[in-house]
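Novice: Quick mapping for you: the protein sequence lines, in order, are chains A and B.
First residue of the first sequence: 4, per our numbering; consecutive thereafter.
First residue of the second sequence: 4, per our numbering; consecutive thereafter.
Treat the hints with care, as some may be off.
When chains are identical, the list treats them as one kind, so a pair holds in a single copy or across two.
What the hints assert, rightly or not - In silico DSS-like links for lysine-lysine, alpha-carbon gap of 25 Å or less: (1) Lys62 with Lys9; (2) Lys9 with Lys80; (3) Lys38 with Lys20; (4) Lys38 with Lys26.
These are calculated hints, taken from the structure and not from any lab test.
Protein chains: 2
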Amino acid sequence: MEYPSKLIEDAVNEVSKLPGIGKKTALRLVLHLLKRDEDQTETLANALVAVRSRIQYCKKCHNLADSDLCTICASRKRDHSLICVVEDTRDVLAIENTAQFKGLYHVLGGIISPVEGVGPSDLQIESLLERLRSEEAGEVREIILALSPTMEGDTTAFYLQKRLKQFQLKISTIARGVPIGGDLEYADEVTLGRSILSRIMYE
Amino acid sequence: MEYPSKLIEDAVNEVSKLPGIGKKTALRLVLHLLKRDEDQTETLANALVAVRSRIQYCKKCHNLADSDLCTICASRKRDHSLICVVEDTRDVLAIENTAQFKGLYHVLGGIISPVEGVGPSDLQIESLLERLRSEEAGEVREIILALSPTMEGDTTAFYLQKRLKQFQLKISTIARGVPIGGDLEYADEVTLGRSILSRIMYE
Numbered sequence: 004m005e006y007p008s009k010l011i012e013d014a015v016n017e018v019s020k021l022p023g024i025g026k027k028t029a030l031r032l033v034l035h036l037l038k039r040d041e042d043q044t045e046t047l048a049n050a051l052v053a054v055r056s057r058i059q060y061c062k063k064c065h066n067l068a069d070s071d072l073c074t075i076c077a078s079r080k081r082d083h084s085l086i087c088v089v090e091d092t093r094d095v096l097a098i099e100n101t102a103q104f105k106g107l108y109h110v111l112g113g114i115i116s117p118v119e120g121v122g123p124s125d126l127q128i129e130s131l132l133e134r135l136r137s138e139e140a141g142e143v144r145e146i147i148l149a150l151s152p153t154m155e156g157d158t159t160a161f162y163l164q165k166r167l168k169q170f171q172l173k174i175s176t177i178a179r180g181v182p183i184g185g186d187l188e189y190a191d192e193v194t195l196g197r198s199i200l201s202r203i204m205y206e
Numbered sequence: 004m005e006y007p008s009k010l011i012e013d014a015v016n017e018v019s020k021l022p023g024i025g026k027k028t029a030l031r032l033v034l035h036l037l038k039r040d041e042d043q044t045e046t047l048a049n050a051l052v053a054v055r056s057r058i059q060y061c062k063k064c065h066n067l068a069d070s071d072l073c074t075i076c077a078s079r080k081r082d083h084s085l086i087c088v089v090e091d092t093r094d095v096l097a098i099e100n101t102a103q104f105k106g107l108y109h110v111l112g113g114i115i116s117p118v119e120g121v122g123p124s125d126l127q128i129e130s131l132l133e134r135l136r137s138e139e140a141g142e143v144r145e146i147i148l149a150l151s152p153t154m155e156g157d158t159t160a161f162y163l164q165k166r167l168k169q170f171q172l173k174i175s176t177i178a179r180g181v182p183i184g185g186d187l188e189y190a191d192e193v194t195l196g197r198s199i200l201s202r203i204m205y206e
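Take these sequences, add in the hints, and give me the full structure.
Specialist: In structure tokens, the structure reads:
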């Protein structure tokens, strides 16, 4: 596409480098900026530069943080005896949104995937073991593995289980089954099969 | 949603102000920035600020431009006897992409819409008349109205026709009919009806 202005072309090219945004959407966004007040574009640009340059990773759980420790690890209200292991920050946000978990997290920063060349050493697994060995060790009671129910997630969970055995902790994984509100008829057979195998007894 | 960091929250809020981008998409984009090199975020931010602060409008056709005249109006290769009237810059780009039009443009900057409170005086209509009255006047041979085939587009076209009568120019509008590649069976009845009324004779 030919743009009427080099400035527009540059902006469209940069915006369309973002995932899921093509040239047409990028152009729509850039033209939208032109309609808004100039200071709004500056606020946007500053917020992007600030988040990129000043964000840190929590020294304890590797979640994103404003300072050395993330708000969750720093909080005294959280249950420090529970650690939920997740793939990335988005999973932390998803679990936080449920308001069902009051423990701490450990963000692996990825998942074991031989296809993509991601091995255990690329993930924050050693630092999890280190964390359990350190002064916290006595405090931690249970590790919950909250990884995606995929081949890679299961591989990672299996690997972690093996490595975590030495610590004599409870290790659990989030339940897999038919989604709540979903229609049984449309559940895929693997999920439905698993939900029968790991059925929950009425007490 | 609670964010692990104020920086992320600010960035997500700013990004989600863009049209068609919700909080979840904004978060995905911001997390993507964190994975890329820092200078890429700076390039993006600079491009956005630059396009917003330095873009101009072509003094002749009101298209977006880097300087006083847009590249199209400044070009000697274009046919200065044809002016295509469009709603906004995106329409210019769409028509340029067809490579079927070699004349100049006139960007109205909107369309007459009583519902949205946009009247003729809010658009670049006077400047079109001025353009035709000025030294160019003798040069221009035909005005093509390339407005959307909607109620507002037709209203604007009708209004322009009335105002342009004084100039003794050819005035045309882009053809409306069944889209090429479309299935006749699925064409809506209004379009199909119009395509019969304005049928084209084989010569």
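Novice: From the Cα coordinates, with 25 Å as the cut-off, is the pair Lys9 and Lys80 best called within, between, both, or neither?
Specialist: For Lys9 and Lys80, only the inter-copy Cα distance (19 Å) is at most 25 Å; the intra-copy one is 53 Å.
Novice: One pair to classify: Lys62 and Lys9, alpha carbons no more than 25 Å apart. Within, between, both, or neither?
Specialist: Only across copies: Lys62 and Lys9 sit 17 Å apart there, 43 Å inside one copy, limit 25 Å.
Novice: For the identical chains here, do Lys38 and Lys20 meet the 25 Å Cα criterion within one copy, between copies, both, or neither?
Specialist: Classified as both: same-chain Cα gap 22 Å, cross-chain 13 Å, threshold 25 Å.
Novice: At most 25 Å between alpha carbons: which applies to Lys38 and Lys26, within, between, both or neither?
Specialist: both (19 Å within a copy, 21 Å between copies)
Of the numbered hints listed earlier, not one is contradicted by the structure.
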